[in-house]
Structures are given as structure tokens and as C-alpha cells.
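Protein chains: 2
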Amino acid sequence: MNKIETVTVELDNPTENRSYPIHIGQGLLTQGDLLAPHFPAGRAAIVTNTTVAPLYLQVLQTTLADRGIESFAIILPDGEQYKNQENLQQIFTALLEHRCERKTPLIALGGGVVGDLTGFAAAIYLRGVPFIQIPTTLLAQVDSSVGGKTGINHPLGKNMIGAFYQPRLVLADSDTLDTLADRELRAGLAEVIKYGLIHDLAFFDWLTQHIQALLAREKPALRHAIRRSCEIKAEIVSLDERESGMRALLNLGHTFGHAIENAMGYGVWLHGEAVAAGTMMAADLSCRLQRISSQEVERIRHLYRQAGLPLGGPRMTTQRYLELMQLDKKVESGNIRFILLDQIGRSALVDNVPTTALVESLVACGADS
Amino acid sequence: MNKIETVTVELDNPTENRSYPIHIGQGLLTQGDLLAPHFPAGRAAIVTNTTVAPLYLQVLQTTLADRGIESFAIILPDGEQYKNQENLQQIFTALLEHRCERKTPLIALGGGVVGDLTGFAAAIYLRGVPFIQIPTTLLAQVDSSVGGKTGINHPLGKNMIGAFYQPRLVLADSDTLDTLADRELRAGLAEVIKYGLIHDLAFFDWLTQHIQALLAREKPALRHAIRRSCEIKAEIVSLDERESGMRALLNLGHTFGHAIENAMGYGVWLHGEAVAAGTMMAADLSCRLQRISSQEVERIRHLYRQAGLPLGGPRMTTQRYLELMQLDKKVESGNIRFILLDQIGRSALVDNVPTTALVESLVACGADS
Chain A
1 MNKIETVTVE
11 LDNPTENRSY
21 PIHIGQGLLT
31 QGDLLAPHFP
41 AGRAAIVTNT
51 TVAPLYLQVL
61 QTTLADRGIE
71 SFAIILPDGE
81 QYKNQENLQQ
91 IFTALLEHRC
101 ERKTPLIALG
111 GGVVGDLTGF
121 AAAIYLRGVP
131 FIQIPTTLLA
141 QVDSSVGGKT
151 GINHPLGKNM
161 IGAFYQPRLV
171 LADSDTLDTL
181 ADRELRAGLA
191 EVIKYGLIHD
201 LAFFDWLTQH
211 IQALLAREKP
221 ALRHAIRRSC
231 EIKAEIVSLD
241 ERESGMRALL
251 NLGHTFGHAI
261 ENAMGYGVWL
271 HGEAVAAGTM
281 MAADLSCRLQ
291 RISSQEVERI
301 RHLYRQAGLP
311 LGGPRMTTQR
321 YLELMQLDKK
331 VESGNIRFIL
341 LDQIGRSALV
351 DNVPTTALVE
361 SLVACGADS
Chain B
1 MNKIETVTVE
11 LDNPTENRSY
21 PIHIGQGLLT
31 QGDLLAPHFP
41 AGRAAIVTNT
51 TVAPLYLQVL
61 QTTLADRGIE
71 SFAIILPDGE
81 QYKNQENLQQ
91 IFTALLEHRC
101 ERKTPLIALG
111 GGVVGDLTGF
121 AAAIYLRGVP
131 FIQIPTTLLA
141 QVDSSVGGKT
151 GINHPLGKNM
161 IGAFYQPRLV
171 LADSDTLDTL
181 ADRELRAGLA
191 EVIKYGLIHD
201 LAFFDWLTQH
211 IQALLAREKP
221 ALRHAIRRSC
231 EIKAEIVSLD
241 ERESGMRALL
251 NLGHTFGHAI
261 ENAMGYGVWL
271 HGEAVAAGTM
281 MAADLSCRLQ
291 RISSQEVERI
301 RHLYRQAGLP
311 LGGPRMTTQR
321 YLELMQLDKK
331 VESGNIRFIL
341 LDQIGRSALV
351 DNVPTTALVE
361 SLVACGADS
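Heads up: the protein sequence lines correspond to chains A and B, in order. full-length UniProt numbering applies: residue 1 is where the first sequence begins, and numbers increase by one. full-length UniProt numbering applies: residue 1 is where the second sequence begins, and numbers increase by one.
Source of the hints: derived by calculation from the structure; they are not laboratory data. Hints are not guaranteed to be accurate.
[Stated by the list, open to error] Estimated spans, in silico, between C-beta atoms of each pair:
| # | chain 1 | residue 1 | chain 2 | residue 2 | range |
| --- | --- | --- | --- | --- | --- |
| 1 | B | Gln58 | A | Thr8 | 51 to 59 Å |
| 2 | B | Arg320 | A | Gly32 | 35 to 43 Å |
| 3 | B | Thr93 | A | Gly265 | 13 to 21 Å |
| 4 | B | Pro77 | A | Asp66 | 46 to 54 Å |
| 5 | A | Ser244 | B | Thr93 | 24 to 32 Å |
[Unchecked claim] If the Cβ cut is set under 7 Å, some of the chain B residues that face chain A in the computed set are:
| # | residue |
| --- | --- |
| 6 | Pro14 |
| 7 | Gln85 |
| 8 | Gln89 |
| 9 | Phe92 |
| 10 | Leu96 |
| 11 | Glu101 |
| 12 | Ile124 |
| 13 | Arg127 |
| 14 | His154 |
| 15 | Leu156 |
| 16 | Gly157 |
| 17 | Ile161 |
| 18 | Gly162 |
| 19 | Ala163 |
| 20 | Phe164 |
| 21 | Val331 |
Just so you know, even glycine gets a beta-carbon here, dropped at the ideal spot from N, CA and C.
Input sequences plus hints: build the corresponding full structure.
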């Protein structure tokens, strides 16, 4: 069944409409009709990486060329460790060498790293050019390509430099998941599970029942998981684009997860793996603070185990964890703010978590005391 | 007469109010009342340079400390050639090392380079933190500190990377002009004259009459020039914040000027000097296209000469000029767009300028044919 489903991110207000569609389906890379209206000047710059380029760059360029759109590619190395200033500068140099103007859109063809880097480049090149997301990993299709968070890492912290900058269009072609490494697929499922945990008990239950179908890459199951994830994200982003409130809920497990990524060196743990470990820690902490039951923690642990994801972080001292967590963007007046669960399917932003409980959870999830 | 005048940049719409005041007067660096409300968390990061820091950093930090606001300074080298990626990264490193959070404002204390760099840093650090401008040069007080254009240069082009990001407050303390080098004062006057040319014949006439008072740094004359310049800029920015139309008029002389700065190496010509030469070229071109009279060109030339500003560009081939001008952000489909004069006090954005006229103007203003 090769149908296209569409989720809309509503960003409409009285002075401007920045709403955009997420199209989900098979074979979208060959659908020139979806792309062509975005290239009135007949030119496109494509940013991708050394893994994705041999697989999907040619088909995309052919689709564009068939519509009279001339394109060139900027091919970066693959990995979170390359989401940095140097590669951003390399994008700008290529754009300037090719004389890209304000109306030349940038296309991100790849996973979360390519999407974050390209989106940020589009936000600040000539103070802003149009931007299109073509995510090719599960993680990017369900999370990073939607919602307009873009940015790069700094040696002292993850995603510390960036912008809110919305794409004009997201094309999530589920065929591209056929070539995804197993480990990447599992990492993407960590973010899918997150949506169930923060917002939708029924979706969490569905995931528990369909985890094997998802791991086997059955297309109907994947399409449902992508669509429901995008719907939840679109709903939350529409209500709070700039994370002044509920959007922070999407960061379940991320404070701890970013600390892991930062400590281990970018790219050693995949983002989704770190988020899974971080979510287990948030669940443990939620239980210690008597917000959820130990049975609920066990259900979460069970699903992550089925998905083949880490259930705890690497060995470091609690002191080191705490130091790294202080770098989180949600910190206010030195106070780390946590996303905790009130049940599976309901979450809250919590200040003033007692340090003793936090340390206990860190130890329970792998830290040296 | 030590009164404070205030110009408001109106950026009010049904969903948010981002309007902000520009306060103009003497002794503003010691006015804690104007600053204090912007630091609810009691912390500030100040970005300045090696020229300005010895003069004004201590007084500003004392004013803040008297209101219980703790601050630290990031001191950069002075000059346009430092408005680059490396110094931006240095700002981020310092902000992260000092654990600056989303509610810690960045203060730009300095000229246009400090303001552009700091504003851009504020726009993208943690995806946006509050920003305050304290311009200490005439150019920054009348132009770059107002309107939210921020950014850095790229080795291949000036201001190619940046963001529209508005300050919360601008403090233009005319006392800081006492220490300004003569050459910097003259460069600032180039932008002041620009406002008369694009928008206000009466102001141009006033400038012609008061150019000696301005060069002698007489405070009432300076205050009037700063206020009227800010009023014109605020009016234009309010109508077209993101330069979809009339805001481009503020770039009179800048396409040619940026080419000069780029060719000579950043910092060799001051920005205002390059703009003066570029404006003479735009005036010459306007005359060749029969938009203004040769008498009007002569009046403009006379005022720039009185102000001690360059009347033409450096010797380069017209080919080189044209190449560099192609890098301008206003270029569309390879077509350079010019700001031309329809009379002194009225300007227009013009496409499709004949290349022959352009080359003649370049030669008339210093290029080798």
C-alpha cells in the first residue's frame, strides 16, 4: 500500500503563516510534484554525508533535474562528532563558491546531524534562506527533522549553538530506512518510545505490542510509528514553538543523555542510545519521587530491553554526571530542571529535585557513587 | 544640557511586542536605572574590545555592581578583520565556561564590530539570549546598533553569515564619542549623511550647514545628528524588519562599499569610508541614468569632501569590482540590485542597471578600465 500520509505543523498567526507539511510514505524521493514548487529560481543546494550520498543523492538530483532544477551537493563526513563549527563553515564556503542567493533553498538529505547542521546553515546564511528536510534515518524522521530546532555542538556542550528555524517541507521516505544500520534503527526507536511515555499511553501500549514488527522493518508498522510520532511532535511544537513551556517535555531523558554524549565524545554513543539510558534514569527518579510505580518503571525497562537499547549510562562518578548536567540549556540559576513522568503517557517539567534522590538514580543507572 | 532623548523602534504585532528604546544622551553609562530592569537574574556578560575596555568597561561594571548585577568581560581584539568565526567561537567558549544561561543578557560595549558579533552570539547562543547594545562609536550609535542586523564576515564575503536579532535596549552615550579617533568620527558621519540622502532633504541641508560643528564634536549638534539618524532608521526598520523591501534603501553605497572592504582586506578601509566612496559611485550612476542632476552630485561630493571622506574607491579593474559586487546579498538570479537616488532625500531599489553605465561609474570613481 503506497499511500502518502501528511501531518501538518501548524505555525499560523495573524501576521504570518509558517505552517508546513510532513509527508510520510514510500518512494517520496522520486515525487517531483512535492518538491518542485519550492524552487522558483530553479536551483538547489543539497547537504548530505558520505554514507547517504552513494545511496540516495543521485535519485534526488535526478528527480530535481527532471523538473528543471539544477542542484549541487555538499558531502560531509558522517557522525555526531562532525556536527561542529568546522563543517558549518565548510557549508558556507561551498554556498558562497556556488554563488547561492537568498532564494536558493538548502536541502538536508540525511540523519539528524545533517538536518541540524543544514537547518542551522539555512538559518544564518545571508541571514536566512529556505530549508527543506529529507530525513533518511528513523530518528530524523520522527524527531529532529520536525519542529525547527537546529544547531551545532561546541567542545564544551551539545547543541549549545543554534537557532529555531522551521523547514518549508519535510519528506519522510520510509524506503530510506531499508538501508539503515540496525543500531541506528534501534536508536530511532528510543525517540519513538519517548512520545508514548510523555504524551500517549495507548501509543506506548501499541509500541509494546509491535516492537518486533518495527525491528523487522515492516512498512505498515513503521509508517504508523512515524506518523504518530510526528503528530505528537507537531501538536507540541504548534503550542510552544520556542520552548517556553511544554515543548521542554520532548527532552525527556535528554539532560542525562547529553551528559553521556558529551562525556564519551560525540558519536561514541548514538543520540538515541543516550536518550534511552537517560529516560531510564528519569523513570527511576520519577519512581523515587513517588510519581510513578516500580511496575511502570519495569514496563518501560522491558520495552527498551526488547528494542535492544541501553538501560543505563556508562561508568563515571556521580560528580562528573552532575557537572555535565549543569551544562544543560534548561538550567536556570544553576538549578537543573528535569522532565519526569507522572504516569506512562503523562510528563511534567520539575524544578528543585532533591540532590540525594538524583544521586541515587544516577548510581542505580550506572554511575559510580 | 544633559537631557536624555528616546527613540522607539516599533516592532509590535498582535502576537508579540519586541519594541525597544534607544536612549541618547550624556553620561548614560552611569545610569543604573536604565539598565537594571534587564537583569532579573543578576548576571551579565559584557563583550568589548581592547580599545574600549580601558576607557569604559570599569564604569559600566561599577554601574551594574551598584545594582547588584555581577558581570564579567570578554575582551576581543579591535578591528573589522576580527569580526569572524574565530572570535565568535571565543565568545561562546567564555559564555560556556562562565555557565551563562538562557536568562543571562549579553551586552555589546563598543563599535559596530563588537555590536554585530555580540548580537549574533546572543542570537544563536542556546538558540537565543537577551541582548543589549551600548555603542561607543558614532557609526554604531547611528546605524549598526539599531535594527537587529547582526553577523560576521566570511573570508569570501562581508556579513554573509548572520541573523536578524533585535536588542532589548540601546544606550547611545554621546560622552563616549570624546575618545573616538578622528578617522572613526568621519566614518560615522558617512552613515549619518546617508540618512539625509535616502530619506530627508532637510536633514541633508542641516548636515551641510553643521558639518564643522559635528567635526568639532559639539554635543548639541552630535545629539541632533544621532537622534535624527536613529529616527529615520527606526521608521524604516519598523516598516520592514527583514528587508523584504524598503529596508534595502539603508544599503545606499554598500554594494560597492562591501566590494572595497572585501578587496582591500577587512579593516584597511573603515566601513564608513567604503560607504562614502560607494555612495559617490551610486550618485554618479544615478546621474548617468538621469535620475539626479550633476549639480546634486556636486552637492553630495562637497559634503563628503567637507567631512574628510573618500570620494572614490581604490584602483582595481572594473572586472574585479564587478566580481566582488556579485557577492552582495541583494543579488537575485545573478542580477546586482542597486540603491539609486531620485533626488537628494529620495532613493529607490533598482534592478537591471545597464552594465555600460555601471562600468562608466566605476571608472569615474577610481576603477581601472
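Taking the hints in turn, this is what the structure says about them:
1. B:Gln58 - A:Thr8: 51 to 59 Å: holds, 54 Å
2. B:Arg320 - A:Gly32: 35 to 43 Å: The hinted range 35 to 43 Å holds for arginine 320 of chain B and glycine 32 of chain A, with Cβ atoms some 40 Å apart.
3. B:Thr93 - A:Gly265: 13 to 21 Å: The hint (13 to 21 Å, Cβ to Cβ) holds, given that threonine 93 of chain B and glycine 265 of chain A are roughly 18 Å apart.
4. B:Pro77 - A:Asp66: 46 to 54 Å: Check passed, 51 Å falls within 46 to 54 Å.
5. A:Ser244 - B:Thr93: 24 to 32 Å: With Cβ atoms ~27 Å apart, the hint holds.
6. Pro14: holds, 4 Å
7. Gln85: Glutamine 85 of chain B check passes; min Cβ-Cβ to chain A is 6 Å, inside 7 Å.
8. Gln89: holds, 6 Å
9. Phe92: At 6 Å from the nearest chain A Cβ, phenylalanine 92 of chain B passes the 7 Å test, so the hint holds.
10. Leu96: Constraint on leucine 96 of chain B satisfied, holds at 4 Å.
11. Glu101: holds, 6 Å
12. Ile124: This interface hint holds because 5 Å falls under the 7 Å limit.
13. Arg127: Holds, because the Cβ-Cβ distance from arginine 127 of chain B to chain A comes to roughly 5 Å (cut-off 7 Å).
14. His154: Histidine 154 of chain B check passes; min Cβ-Cβ to chain A is 6 Å, inside 7 Å.
15. Leu156: Given a least distance of 4 Å, the restraint on leucine 156 of chain B holds.
16. Gly157: For glycine 157 of chain B, the interface hint holds, since the closest Cβ of chain A sits about 6 Å away, which is under 7 Å.
17. Ile161: This interface hint holds because 5 Å falls under the 7 Å limit.
18. Gly162: holds, 5 Å
19. Ala163: Alanine 163 of chain B check passes; min Cβ-Cβ to chain A is 6 Å, inside 7 Å.
20. Phe164: holds, 6 Å
21. Val331: holds, 6 Å
Figure legend: structure checked against the earlier numbered hints; every hint is met.
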